[in-house]
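Asks: Residue numbers (this note's numbering), protein chains in the order written: chain A, 9 to 432; chain B, 9 to 432.
Calculated directly from the structure, the hints in this document are not laboratory data.
None of the values given here were measured: they were computed from a predicted structure.
It cannot be assumed that every hint is accurate.
Which copy? The list can't say, so a pair holds if one copy fits it or any two copies do.
Calculated lysine to aspartate or glutamate pairs in the EDC-like style (CA-CA distance at most 20 Å, straight line) [as the list claims (entries may be wrong)]:
| id | residue 1 | residue 2 |
| --- | --- | --- |
| 1 | K103 | D201 |
| 2 | K102 | D201 |
| 3 | K258 | E430 |
| 4 | K313 | D251 |
Spelled out, the chains give:
2 protein chains.
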Amino acid sequence: MKNINGENTMEKLIGNAVVGQSGGPTSAINATLAGVISGLQKAAALGTVNTIYGMKNGITGLMNERFIDLSAMPEDALCSLSLTPAAALGSCRKKLPEPSEDPAFFESLYAVFKKYDIRYFFYIGGNDSMDTVKKLSEYAKISGETYEMRFIGVPKTIDNDLLLTDHTPGYGSAAKYIATSVKEVLFDIAVYDVPAVTIVEIMGRDAGWLTMAAALPRLSGGREPNLVYLPERTFSVEEFIEDVRAELSKNPAVLVAVSEGIRLADGEYVGAMAQSGATDVFGHKYLAGTARTLERIVKEKIGCKVRSMELNLLQRCGAHLASATDIAESRGVGKFAVSAALSGESGVMAAFRRNDGEVYSVGYVTYPVNNVANGVKTVPDAFINERGNGITDAGLRYIAPLITGETDLHFENGMPDYFSFENN
Amino acid sequence: MKNINGENTMEKLIGNAVVGQSGGPTSAINATLAGVISGLQKAAALGTVNTIYGMKNGITGLMNERFIDLSAMPEDALCSLSLTPAAALGSCRKKLPEPSEDPAFFESLYAVFKKYDIRYFFYIGGNDSMDTVKKLSEYAKISGETYEMRFIGVPKTIDNDLLLTDHTPGYGSAAKYIATSVKEVLFDIAVYDVPAVTIVEIMGRDAGWLTMAAALPRLSGGREPNLVYLPERTFSVEEFIEDVRAELSKNPAVLVAVSEGIRLADGEYVGAMAQSGATDVFGHKYLAGTARTLERIVKEKIGCKVRSMELNLLQRCGAHLASATDIAESRGVGKFAVSAALSGESGVMAAFRRNDGEVYSVGYVTYPVNNVANGVKTVPDAFINERGNGITDAGLRYIAPLITGETDLHFENGMPDYFSFENN
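Turn these sequences into a full structure, and let the hints steer you where they fit.
Replies: In structure tokens:
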């Protein structure tokens, strides 16, 4: 709320702040937490914010009044927190009811806000977390509630599937982990000269952003995965076998990278044979075994040596390979979210806009959370080759700057020295 | 062969040298190759060795006369090689026949040695590779062959299961990868407060050395795996379920580390249900699915959330987490192997002896390869707790120094910049 001269005309909203983390861990969500805390500490120094509360285990901690006081965290702890994987405050997977259907639920949350004099609410998470911010903002509008609040979503997901933002905090670090791991596996499988197929399964239910990162070793000018399959294209077992045979005729060691979420023409997941059938509270299917299924198919149809592997949890928590670019941006967007709240915004998600120009840089912007929540951004056609089995150079140009730079992580006893609230 | 004054009384054996790599990749086998090359380059400067040949794909490259000339490799290339995973010369899994049963095979190898004026043979590998050195040495003894050769084995295996040596080159780097990864997974699983069991499967068919490394996060004073099972102890499904229940009663997030090779009282592998039934050329059973099998058991018997994961190939090729101690020792033992050969030794394996004292250090020694080949060193009782579900502090004291130090790996485009002969 600035006037024509750029002066802030809004009356200061003075009170406490609460910040929470939600959804799956990443290597950068704590950097965003550190950014929010340092932004709020600055606001506290200026007298706008008093106490900075951290919700334990996301919105469930708010409901149960389980808070950590973050007001006095020193800068060295914030730096260490920024390089620590997972979610230092704990996380949850809690879907809020519709405000129109269960207003009592939101009244009880407001009771907690009022009890603790909380005026600022920051929620760091993925798509489902933006849904939480959206519903809180909606309730504020439709309920006639007069207690003023500012609700800000701060993105976090390795999946990079949030709308509008150029990319998501956490994606670059996961991509760096995947690119490095795939590069190392390429070295590993090249040592034997007998025909062998290695299939690497990478996270990504509906979008292939993470699997795209497997193609990054091309930038090194050496070997790269022979075949890369994303969920954006229908998967054909026949074409896959053709592709593998063609690659084996050129090179004995063939590496295939696949998204866990690739599907057949009838919409069924390739990994469906090995899937548990369970769904999470958001109705997402739990998948396992896409690479294993393809392993069995190669064994049966081609009969050569074949192995499958999943990068599994480490692609989201392998913070020793965090991207310095990602960590800096993730902390930056957290700090920016605070300034957006202080300047009067609510119901928005802080985001990245990539600046034009040869040299990569981003600016911070906000988008109405309504335009973000529950949508999925998929990999554009221009990033996938015509056959649907590889990544284009345009795709690599998009992703390359996001994985650059190594953090100055401190090691102790030969292992990364990470931050935890229990030990501090 | 030194006289009482320590002078070398042996006549110099002048000729060419060949070096090869065999068995599974590690993060340190190229450091040993670099050590052998630099040792030989020094010998070349002194006029003992002329050309330094590298066998492509181990002994099969020797048989087919597929060589790379390593004589002129510059020091910066050797440094880069030292930090590169897998086997830069390529590897093989070739079991030699018994010299008494197939002398013609060895005659053909000697024909190659003679053709290329090769007098020095270095073979970097694991147990099966020491078997190769043993048979070559045996043949030299029993055949009456007068062409003088020196055969030296240089150990390499992430499994740490070679006899006599304090530990094996490559083990420390794999252990560092495992310790770091498990520590990161501990952070990841701690974010939710619902009961959940995570089972991490670690390589190790007959010995639990690698799985021991999962206990290293204890040194950080934070969380550590709740349960660790090695193949050295018989695995009981009933006790496992008891153990998991007991841990779940204390903490919602339970992490279990298991060796792929754990077996039931009847000798059957736990992962046998999911195993392919195939064996490799050495008759080893190919295992898959120990953690998956336990996942199913926990789901059935306890019914809580449970997931399994395998560290898979990355534990042997994740050189971005190589131990600086391991890389330095691995290069050192390669160089030492050359000096052993020059001083007249043959039919021996270069090895580490841990020095006494508070501060960790090793000396280089040789052992007759006959005493090493085809034996397996398992984890001693003192390193495993009484219940057989955890690692003792004595075990951690053994392993801790081996993972210390980080290498100064160069990154380019956000990924490690590794060496390959194709690009140099």
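Asks: Would you list, in rising numerical order, the hints stated earlier that this structure does not obey?
Replies: none
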